[in-house]
Amino acid sequence: MAVITDALCPFCGCMCDDLMIVTEGNRIIEAKHACKLGAAKIMGHHRIKEPMMRSDKNGNFKEVSYDEAIEAAAQILVKSKRPLLYGWASALCEVHKKGILLAEELGAIIDNTASVCHGPSTLAVHEKGLPTSTLGQIKNRADVVVFWGCNPAQAHPRHMGRYSVFAKGFFSDKGRKMRKIIVVDVRKTDTANVADEYVQVEQGADYMVISALRAILAGQAAVVPDQVGGVTKEQLVKLADTLKTAKFGAIFFGMGLTQSKGRYKNIDNAISLTTELNSFTKFVIMPMRGHYNVTGFGQVCTWETGFATAVDFARGAPYYNPGETASNDVLYRKEVDAAMIIAGDAAAHFPANSVRHLAAIPLVQIDPYWNPTTEIADVVIPTAICGVEVEGTAYRMDGVSLRYRKMIEPTHPTDIEVLERLIERVKEIRGD
Amino acid sequence: MTLKVNLITGRTINQGANLENKTSPDYLEATAYCELNSNDIEKLDKSGNNVKVRTNYGEVTVKLKENNGNPDGIAFIPMGPWANAVVDHDTKGCGMPGFKGIQAELEGTSDKILLMKELIARYK
Numbered sequence: 153m154a155v156i157t158d159a160l161c162p163f164c165g166c167m168c169d170d171l172m173i174v175t176e177g178n179r180i181i182e183a184k185h186a187c188k189l190g191a192a193k194i195m196g197h198h199r200i201k202e203p204m205m206r207s208d209k210n211g212n213f214k215e216v217s218y219d220e221a222i223e224a225a226a227q228i229l230v231k232s233k234r235p236l237l238y239g240w241a242s243a244l245c246e247v248h249k250k251g252i253l254l255a256e257e258l259g260a261i262i263d264n265t266a267s268v269c270h271g272p273s274t275l276a277v278h279e280k281g282l283p284t285s286t287l288g289q290i291k292n293r294a295d296v297v298v299f300w301g302c303n304p305a306q307a308h309p310r311h312m313g314r315y316s317v318f319a320k321g322f323f324s325d326k327g328r329k330m331r332k333i334i335v336v337d338v339r340k341t342d343t344a345n346v347a348d349e350y351v352q353v354e355q356g357a358d359y360m361v362i363s364a365l366r367a368i369l370a371g372q373a374a375v376v377p378d379q380v381g382g383v384t385k386e387q388l389v390k391l392a393d394t395l396k397t398a399k400f401g402a403i404f405f406g407m408g409l410t411q412s413k414g415r416y417k418n419i420d421n422a423i424s425l426t427t428e429l430n431s432f433t434k435f436v437i438m439p440m441r442g443h444y445n446v447t448g449f450g451q452v453c454t455w456e457t458g459f460a461t462a463v464d465f466a467r468g469a470p471y472y473n474p475g476e477t478a479s480n481d482v483l484y485r486k487e488v489d490a491a492m493i494i495a496g497d498a499a500a501h502f503p504a505n506s507v508r509h510l511a512a513i514p515l516v517q518i519d520p521y522w523n524p525t526t527e528i529a530d531v532v533i534p535t536a537i538c539g540v541e542v543e544g545t546a547y548r549m550d551g552v553s554l555r556y557r558k559m560i561e562p563t564h565p566t567d568i569e570v571l572e573r574l575i576e577r578v579k580e581i582r583g584d
Numbered sequence: 016m017t018l019k020v021n022l023i024t025g026r027t028i029n030q031g032a033n034l035e036n037k038t039s040p041d042y043l044e045a046t047a048y049c050e051l052n053s054n055d056i057e058k059l060d061k062s063g064n065n066v067k068v069r070t071n072y073g074e075v076t077v078k079l080k081e082n083n084g085n086p087d088g089i090a091f092i093p094m095g096p097w098a099n100a101v102v103d104h105d106t107k108g109c110g111m112p113g114f115k116g117i118q119a120e121l122e123g124t125s126d127k128i129l130l131m132k133e134l135i136a137r138y139k
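Those protein sequence lines, which keep their order, are chains G and R. If you're matching positions, the first sequence starts at 153 in this note's numbering and goes up one per residue. If you're matching positions, the second sequence starts at 16 in this note's numbering and goes up one per residue.
The shape of chain R in the complex, shown without the other chains (with noise of 0.2 Å):
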């Protein structure tokens, strides 16, 4: 079952350690996840560790994480190029990209996390 999320990303303090470090593991662990309080974790169907997250800009597959500090429906996934593939590209006419507040679907998945080069060769 997919369950409908509204996604927000932002900076963690792991994210900013690695941001001259982009091509590490530590990189990937620090920002290839999403996170979810337990309830929403619940009603989420358990096919694999990882989580699927597709929005109308693009789908990406990230680490599921629990964080009980989020309110039931909010995802959160550090910024950085796995967040990216999924957010709103809009400006809005004000130059600014929608990072916050993505309308997105969620649903478990055994399918693996692409490295950071796999992810942006996707791109070219």
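Chain G with its partners taken away, still in its complex shape (with noise of 0.2 Å):
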């Protein structure tokens, strides 16, 4: 029995990093310390055992080679002419920078989840920056803090007690107790029931009532009406008092901004609130991140590319723009005619639309586990889980980077091996 203390978690955006993994022999036991999400990830599932193929997608699998696979899936991609690389999310930056390689040879387009996710706070970002900070300072510092569509109780369940609700540090020993809790949604989630006040906003509403704590706080509240999107003017009034009135302040905020009525605007107007708080007191905002890498792979296509995800290598040179280049724009306008789904499963979290195309063309899927995007694909090839077999770097959701170390030893390629393979074979076929 072997035990590995502080190991990292490679589930959530919190990337909790005060594990302990119990093994025996190559075989995890215990997961001291992680959530439900995180143990249920660590201990592992039914895996996909070996490559595999088909010809007819209503057809039965076939057990292949690797070489056969991965021969199978350079043709596929080689023949492309518009092919979409997408996913990766659950993998290590090591395993992006391969990806974004294999991209610009293809001249793909390569996304990532935060499509589905985050990709219109980025936007937001590129509008207004981000006045922001690591997890660390909020858990030292903040006494008000705001969740705003976001329900990390259920999404990132140690969250407040590492860094934002619970959680004991240098200017907060005090905890819980010295600090407010507010909870703003459209429904009254286990989140809004630990909270000191629940603001109920309609839904599809947030970009209203943004700005009308934006005008209270521009000492403007004649203007603001007796009732915004659902929330009374006595109520905003008060919480716009809480905001400024707050020593540190943080937002943290998900797809109850990104995925409603206005998208990226909201996370907009939620920078610009913000901003506007630092001129009564210090105020910080930060998404809640999903995957534990997604920030990553922000991270490494921005370095490698200029842009953090939907880049477009048709023309070349990389071109970005979410709207016309993001995997669903390009499904279900049918212009993709490959793709290759990798550390994700779109078929899983994307509209039947875009599922449908997806299902209508030539299909490579790179992961570990069996799911929707296996019963549409062609060809099939399991690799090890990163995080747990396989070692690297990840980004948390406040942008930290932190190293995985292999927890069992891998009993797949891994991913990198793999992409590694494909871009080799992709340049042979094209005789580059």
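To be clear, the hints were calculated from the coordinates, so they are not data collected in a lab. Check the hints yourself; a few may be wrong.
In silico BS3-like cross-links for lysine-lysine, where the CA-CA straight-line distance does not exceed 27 Å [said to hold, decoys possible]:
id	chain 1	residue 1	chain 2	residue 2
1	R	Lys19	R	Lys67
2	R	Lys139	G	Lys209
3	R	Lys19	R	Lys78
4	G	Lys233	R	Lys107
5	R	Lys107	G	Lys486
6	G	Lys188	R	Lys78
7	G	Lys413	R	Lys80
8	G	Lys329	G	Lys188
9	G	Lys214	R	Lys67
10	G	Lys486	R	Lys132
11	G	Lys250	G	Lys579
Derived Cβ-Cβ restraints for the label pairs, each shown as a range [stated by the list, open to error]:
id	chain 1	residue 1	chain 2	residue 2	range
12	G	Asp584	R	Lys80	51 to 57 Å
13	R	Lys107	G	Lys214	49 to 55 Å
14	R	Lys139	G	Glu176	40 to 46 Å
15	R	Lys107	G	Thr394	31 to 37 Å
16	G	Met195	R	Lys80	44 to 50 Å
17	G	Val174	R	Lys58	37 to 43 Å
Here chain G is said to cover these stretches of chain R; the calculated rule only asks that three of the stretch's residues, wherever they fall, bring their Cβ under 8 Å from a Cβ of chain G [claimed, not checked]:
id	stretch
18	59 to 71
19	116 to 128
All residues carry an ideal CB built from backbone N, CA and C; glycine is no exception.
The task is to assemble the complex, starting from two chains supplied on their own in separate frames and drawing on the hints.
Put into structure tokens, the structure is as follows:
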């Protein structure tokens, strides 16, 4: 029996770094301190054992060798005039780097799961910047914390304990007792149940509520109607007062803003609110990132291509325009003619009309697990699990990079090995 | 009688815990349901334990669950293939489909809930 201390969790953007992993032989038998989400991933599920292929999407898969599967995948990608390489968020930065090389080689579009998560937040940051901090600063200093359109009790279960609500820090030694917690949402979530104040907004009215708060902060409360987006003026005035009298305030936001009416404009407005709060006190804002290394893809893609995601290499140079080049744009317009899905599950998490097109084109999947994307794939290449069986770098939701160690030895080739062989074969076929 | 609602989709802990376990009955249990508050459930006709969700983008049958944290007229389905059968593909020019704020009609049904494989097979 062996014990790995201070292990990192490879599930969500919290990247908890205090796990204790107990192994026996090459098997994990316990993931101490992990939440339900982290433990479920680390303890593992049924894996795809061997690479698989089929010539008819309605036919049965046949097990093949890695050589055969990589050859078939390379042929699909080389023959494609407009390939899409999507996923990446459950993989390490070293994998992202290889993926971007493959995209460049193919003239493909490369996009990650932020497309259906915090992609709009990136667009807002282009417009307004991001007054933010590390999670450590929030843990040590924040006395007012707002969760807007996010539900960490269910989606980031240890966030409140480690960083934002119950955590005790240098200037926050009383933890929960010294913090005021505000939840803004359209329904009363489990997070709302632990808050000091719950602000219920009408679905899709977040932009108006943020604008009303900005007007009140600017001393223009007289122009605010009695009720905005389902929230009374009285509650808004009280909320504005709580925010501006904080010693150190933090706003965390989630899909409630990025996926609702207004999309990136909601975030744009929330960033402006945060900036304006800094006229009164110190205030920061941070997206609640989902997959553990979705932030890492944005980092790698930005330093390699200049853009965070949805990068189109068809012109020979990186081009970026979500709304035109993001995965769901090119899928529902039936623009791409082949796709590779890696470390993400498009068939589970894209709208039906996008999945319909994915099911109609040649599709390569690289993933440890059988999921809805497997159901519509032509070639399936199973790989080792990053962060559990593969070491490497990932970025926490606050942009802090941390290094994952192996917990056990891999039983499958890594994503990096498969991508390197794919790039090599693509180059050979193209005669580069 | 059909009930008109505003549909939102999103994460839950059981959906997340089965993210790498999508062929299992646990994943179906965690994602193939629709939550309404008890007022709205009263308004639904009771022809079965399941609910048929119909939007401009598709229809899907899921289990009906009560959650009084939802305000009147708001339905919630955990993110996943069942929710995505009825969400809006339009990205409004910014890459993000409409996963929240979809006008939907609900009616009680005794139709069965498709398994993940059956649901995805509809797209082939």
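_Given the hint of 44 to 50 Å, is the C-beta distance from Met195 (chain G) to Lys80 (chain R) inside that range or not?_
27 Å, violated
*Distance restraint evaluation - Lys107 (chain R), Thr394 (chain G), Cβ atoms, bounds 31 to 37 Å*: 32 Å, holds
*Okay, Lys107 (chain R) versus Lys214 (chain G) on CB: inside 49 to 55 Å?*
42 Å, violated
*Quickly compare the C-alpha distance for Lys413 (chain G) and Lys80 (chain R) to 27 Å and report which way the hint goes.*
26 Å, holds
*37 to 43 Å as the expected CB spacing between Lys58 (chain R) and Val174 (chain G), which holds or is violated*: For Lys58 (chain R) against Val174 (chain G), whose Cβ atoms are near 51 Å apart, the range 37 to 43 Å is violated.
*Could one say that the CB atoms of Asp584 (chain G) and Lys80 (chain R) fall in the range 51 to 57 Å?*
55 Å, holds
_Pairwise hint evaluation, Lys132 (chain R) against Lys486 (chain G), where the allowed Cα distance is 27 Å at most_ = 23 Å, holds
_27 Å limit on alpha-carbon distance, applied to hinted pair Lys233 (chain G) and Lys107 (chain R)_ = Roughly 26 Å between the alpha carbons, so the hint for Lys233 (chain G) and Lys107 (chain R) holds.
*Sort out whether Lys579 (chain G) lies within 27 Å of Lys250 (chain G), counting only the CA atoms.*
14 Å, holds
*Given the hinted pair Lys19 (chain R) and Lys78 (chain R), is their alpha-carbon gap at most 27 Å?*
17 Å, holds
*CA of Lys188 (chain G) to CA of Lys78 (chain R), is that 27 Å or under?*
Status holds; Cα separation ~23 Å.
*asked:* Lys139 (chain R) and Lys209 (chain G) were given as a pair; does the straight-line alpha-carbon distance stay at or below 27 Å?
replied: 7 Å, holds
In summary, the structure is inconsistent with hints 9, 13, 16, 17, 18 and 19 from the numbered list given earlier, while agreeing with the others.
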